[in-house]
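Read top to bottom, the protein sequences are chains A and B.
Sequence positions in the first sequence follow our numbering and run 166 to 531.
Sequence positions in the second sequence follow our numbering and run 4 to 317.
Just so you know, these hints were derived from the structure itself, not from any lab.
Wrong hints could be hidden among the right ones.
[As the list claims (entries may be wrong)] Here are the simulated lysine-lysine pairs, DSS-like style, with alpha carbons at most 27 Å apart:
| no. | chain 1 | residue 1 | chain 2 | residue 2 |
| --- | --- | --- | --- | --- |
| 1 | A | 371 | B | 132 |
| 2 | A | 367 | B | 100 |
| 3 | B | 100 | B | 186 |
| 4 | B | 186 | A | 371 |
| 5 | B | 132 | A | 367 |
| 6 | B | 132 | B | 100 |
| 7 | A | 368 | B | 100 |
| 8 | A | 371 | B | 100 |
| 9 | A | 368 | B | 132 |
[To be verified] Only part of the chain B face toward chain A is listed, based on derived beta-carbon distances under 7 Å:
| no. | residue |
| --- | --- |
| 10 | 92 |
| 11 | 95 |
| 12 | 185 |
Ideal placement from N, C-alpha and C gives every residue a C-beta, glycine not left out.
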Amino acid sequence: MTDAPITARDVFARPPVAPRNSSLAQLTATRVREVIREPEAVFWTFVFPLLLAAGLAVAFRARPPEVRVVGVLPGARAPELAAGTLAALDSTEGLAALAVDSASAASALAAGRIDVLVTPGPEGVQYRYDPTRPESRIARLLADGALQRSAGRSDPLGVTDVQVSERGARYIDFFMPGLLGMNLMGSGIWAIGFSIVSARSKKLLKRLVATPMSRAQFLLSFLLSRLVFLVLEVLVLVGVAHYAFGVPLRGPLAVLAVITLLGALAFSGLGVLIAARPQTTEGASGLMNLAMLPMWVFSGVFFASSRFPAAIQPFVQALPLTAVNDALRANMLEGAGLGAVAGELAILAAWAAGTFVLALRLFRWR
Amino acid sequence: MTGTAPARPALLVEGLRKSFGETIAVDGLDLEVRAGECFGLLGPNGAGKTTTIEICEGLTAPDTGLVRVLGRAWSDDADFLRQRLGIALQDTQLSEKLTVEETLSLFQSFYRLARPVEDVIALVALGEKRRARVGTLSGGQKQRLAVACALVGDPELLFLDEPTTGLDPQSRRQLWDLVEQFKATGRTVLLTTHYMDEAERLCDRIAIVDHGRVIALGTPRELIASLGAEHILHFVPADGATVDVEALRGLAGVRLARRVDGGVELAVRAVHETVPELLAHLERAGVPLAELRTHSPTLEDVFVSLTGRQLRDD
Numbered sequence: 166m167t168d169a170p171i172t173a174r175d176v177f178a179r180p181p182v183a184p185r186n187s188s189l190a191q192l193t194a195t196r197v198r199e200v201i202r203e204p205e206a207v208f209w210t211f212v213f214p215l216l217l218a219a220g221l222a223v224a225f226r227a228r229p230p231e232v233r234v235v236g237v238l239p240g241a242r243a244p245e246l247a248a249g250t251l252a253a254l255d256s257t258e259g260l261a262a263l264a265v266d267s268a269s270a271a272s273a274l275a276a277g278r279i280d281v282l283v284t285p286g287p288e289g290v291q292y293r294y295d296p297t298r299p300e301s302r303i304a305r306l307l308a309d310g311a312l313q314r315s316a317g318r319s320d321p322l323g324v325t326d327v328q329v330s331e332r333g334a335r336y337i338d339f340f341m342p343g344l345l346g347m348n349l350m351g352s353g354i355w356a357i358g359f360s361i362v363s364a365r366s367k368k369l370l371k372r373l374v375a376t377p378m379s380r381a382q383f384l385l386s387f388l389l390s391r392l393v394f395l396v397l398e399v400l401v402l403v404g405v406a407h408y409a410f411g412v413p414l415r416g417p418l419a420v421l422a423v424i425t426l427l428g429a430l431a432f433s434g435l436g437v438l439i440a441a442r443p444q445t446t447e448g449a450s451g452l453m454n455l456a457m458l459p460m461w462v463f464s465g466v467f468f469a470s471s472r473f474p475a476a477i478q479p480f481v482q483a484l485p486l487t488a489v490n491d492a493l494r495a496n497m498l499e500g501a502g503l504g505a506v507a508g509e510l511a512i513l514a515a516w517a518a519g520t521f522v523l524a525l526r527l528f529r530w531r
Numbered sequence: 004m005t006g007t008a009p010a011r012p013a014l015l016v017e018g019l020r021k022s023f024g025e026t027i028a029v030d031g032l033d034l035e036v037r038a039g040e041c042f043g044l045l046g047p048n049g050a051g052k053t054t055t056i057e058i059c060e061g062l063t064a065p066d067t068g069l070v071r072v073l074g075r076a077w078s079d080d081a082d083f084l085r086q087r088l089g090i091a092l093q094d095t096q097l098s099e100k101l102t103v104e105e106t107l108s109l110f111q112s113f114y115r116l117a118r119p120v121e122d123v124i125a126l127v128a129l130g131e132k133r134r135a136r137v138g139t140l141s142g143g144q145k146q147r148l149a150v151a152c153a154l155v156g157d158p159e160l161l162f163l164d165e166p167t168t169g170l171d172p173q174s175r176r177q178l179w180d181l182v183e184q185f186k187a188t189g190r191t192v193l194l195t196t197h198y199m200d201e202a203e204r205l206c207d208r209i210a211i212v213d214h215g216r217v218i219a220l221g222t223p224r225e226l227i228a229s230l231g232a233e234h235i236l237h238f239v240p241a242d243g244a245t246v247d248v249e250a251l252r253g254l255a256g257v258r259l260a261r262r263v264d265g266g267v268e269l270a271v272r273a274v275h276e277t278v279p280e281l282l283a284h285l286e287r288a289g290v291p292l293a294e295l296r297t298h299s300p301t302l303e304d305v306f307v308s309l310t311g312r313q314l315r316d317d
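Work out the full structure, taking the sequences as your base and the hints as a guide.
Right, dumping it as structure tokens:
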């Protein structure tokens with residue numbers, strides 16, 4: 166370049182030229198640049214889910230079977246029986262016995278320091294426990310078996326235990342597909358929603374529609390840039406799930422790709438729809454949380470969505486994140502092919518198409 | 004390039020009206036901007052300048068009225084018009100993450116025919132900043148980039164809405180140079196401003212706008228001459244003493260007399276004719292003077308004489 170000043174006369178004397186770059190490519194490149202030049206976006210998209218997965222992998226790592234604690238309270242009418250009971254329980258596999266007195270028994274039970282309170286008496290044994298706690302029910306069963314056998318019961322059936330640890334049945338196996346689904350939702354809705362609304366609040370949208378820019382291309386560029394990041398996101402999360410945590414990939418990978426693609430389109434549509442009208446990013450972030458909250462709760466990210474009552478299952482099953490999570494789990498853990506997840510894919514396609522059509526009708530360009 | 008054909012107006016506006024709820028922003032406004040001129044809409048904030056220019060830019064639909072841009076209507080030829088207009092809105096914030104070059108490449112890609120990005124960067128003197136992110140530019144540099152985005156599509160008609168608001172004096176002068184160079188190529192500019200010096204320097208003709216109407220139209224010289232005064236006398240009585248403004252109108256050479264923020268302003272034919280009479284008059288009335296100034300009349304004085312208000316309240 167030269168330092169000689171170029172005047173408008175010089176510049177405008179030359180004929181204009183046809184631009185070299187296509188506007189769709191330029192718009193898409195703009196979206197990609199906006200994301201990768203925002204370090205926070207990279208953190209929340211790639212680093213945060215991996216940290217979350219690592220934390221949960223530590224919390225739910227394989228451990229020796231847990232020991233249930235039984236409290237033994239000497240009975241008022243036969244306090245001498247307590248010592249024998251304590252010894253019998255303490256020598257039982259899976260149980261630890263703890264002597265308690267009547268002052269500390271209630272609080273130990275309430276705080277969960279003991280799972281069941283055993284009080285031996287001359288006519289038999291009393292168990293005090295909370296039946297809604299699975300740990301307490303297990304402890305009661307184990308304790309009762311041990312005490313009955315030490316009192317002389319003989320079991321008529323011979324028993325052989327074969328212990329297994331199956332990949333695919335651990336919590337991390339359940340969680341990783343859900344985390345991938347949640348990430349697709351978060352990056353679709355946040356990235357697109359914020360980008361559009363902040364362009365509107367900065368009057369950049371208004372400036373753009375004053376040019377000959379194609380409005381369809383503008384919205385399309387958000388989808389295309391999402392697909393660029395989708396590939397990276399899925400590769401990173403699925404790769405770490407499989408190679409670092411040993412999560413199985415039993416189904417066809419092509420089907421996994423289709424599920425994530427349709428999921429990303431559905432969440433992008435939702436992102437554009439949420440961003441169709443708000444004038445401020447504050448207003449939009451409220452709407453985004455409102456849209457995502459039910460899916461965080463109901464869509465089976467952290468625990469199975471089948472836990473919710475049958476009455477609300479039609480609602481739960483219609484949520485796009487439920488469809489993504491169910492399809493991902495079916496594919497990754499159970500080896501489901503295209504046919505087996507067709508229902509979920511149809512739900513996602515309906516969300517993608519419906520939200521885009523609605524968003525285009527509602528979209529405010531200024 | 005200067006054609007011999009009878010000049011078709013670059014912009015024609017007749018009977019334009021626009022309300023936002025209860026607020027009437029534009030109230031029967033007429034304009035005719037000739038091809039090749041720089042036309043200014045001068046008026047205080049809230050006068051309806053921005054609404055008018057956004058209607059001409061096709062961003063806002065008028066309630067009623069006729070708008071013809073380059074001889075075409077927005078309802079019929081929106082695509083053609085967007086290709087031919089250059090627009091700098093009031094306070095657009097371009098994407099902070101993009102560089103100067105990338106921003107212009109993006110805008111350039113929207114046009115069928117455009118100026119090379121390099122040329123436009125040189126035009127607004129942002130060569131050293133071509134790889135700088137927009138977020139790191141100063142206010143003046145951002146404003147120049149906004150004008151570059153308006154120029155990259157090789158426009159026939161350039162709309163600039165308050166192009167120098169909030170800029171330092173040096174940046175303002177750079178932008179003025181740019182507009183003058185653009186105009187020198189025979190193209191048309193419509194700008195809004197509430198700075199009278201900007202309007203006087205850049206505009207061939209000016210429409211003074213107030214309450215959504217054109218209240219005066221002409222060249223800066225014509226508008227100032229319409230005051231019929233060669234000088235403006237401004238004095239401030241000491242100790243808050245009051246002056247009978249009516250009586251001042253009878254003094255020699257006084258065309259106009261009015262009270263303005265704390266003082267009194269007289270539009271006069273000649274300073275040497277009026278000042279002795281004024282001093283004598285104040286002496287008789289027992290009004291001591293804190294300040295006496297004189298200046299050549301400006302568009303500000305024209306606006307004040309038309310509306311009784313200041314253009315800017317600062």
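| Restraint check for residue 132 (chain B) with residue 367 (chain A), where alpha carbons must lie at most 27 Å apart | Distance ~22 Å between residue 132 (chain B) and residue 367 (chain A) Cα, so the pair holds.
| task | Could you check if residue 95 (chain B) really has its C-beta closer than 7 Å to a C-beta on chain A? | result | holds (4 Å)
| task | Please work out if residue 100 (chain B) and residue 186 (chain B) have their alpha carbons no farther apart than 27 Å. | result | Not satisfied, since the Cα-Cα distance of roughly 32 Å exceeds 27 Å.
| field | Distance restraint between residue 132 (chain B) and residue 100 (chain B), which requires alpha-carbon spacing of 27 Å or less | value | With a Cα-Cα distance of about 14 Å, the restraint between residue 132 (chain B) and residue 100 (chain B) holds, given a limit of 27 Å.
| said: Under 7 Å is the threshold here; is the Cβ of residue 185 (chain B) close enough to any Cβ of chain A for the hint to stand? | reply: holds (5 Å)
| field | residue 92 (chain B) as an interface hint toward chain A, with CB separation required under 7 Å | value | holds (6 Å)
| task | Take a quick look at whether residue 371 (chain A) and residue 132 (chain B) sit within 27 Å of each other, Cα to Cα. | result | The given pair, whose Cα atoms are some 25 Å apart, holds under the 27 Å limit.
| field | Given hint residue 132 (chain B) paired with residue 368 (chain A) - CA-CA distance at most 27 Å | value | holds (23 Å)
| message | Against the 27 Å threshold, does the CA-CA distance of residue 368 (chain A) and residue 100 (chain B) hold or violate the hint? | response | Distance ~16 Å between residue 368 (chain A) and residue 100 (chain B) Cα, so the pair holds.
| message | Hint check: residue 371 (chain A) vs residue 100 (chain B), CA-CA at most 27 Å. Holds or violated? | response | holds (18 Å)
| task | For the pair supplied as a hint, residue 367 (chain A) and residue 100 (chain B), confirm whether the alpha-carbon distance does not exceed 27 Å. | result | Measuring from Cα to Cα gives roughly 14 Å; hence the hint holds.
| message | So if I understand the rule, the pair passes when the alpha-carbon distance is 27 Å or less; does residue 186 (chain B) with residue 371 (chain A) pass? | response | holds (26 Å)
The structure does not agree with numbered hint 3 stated previously, though it agrees with all others.
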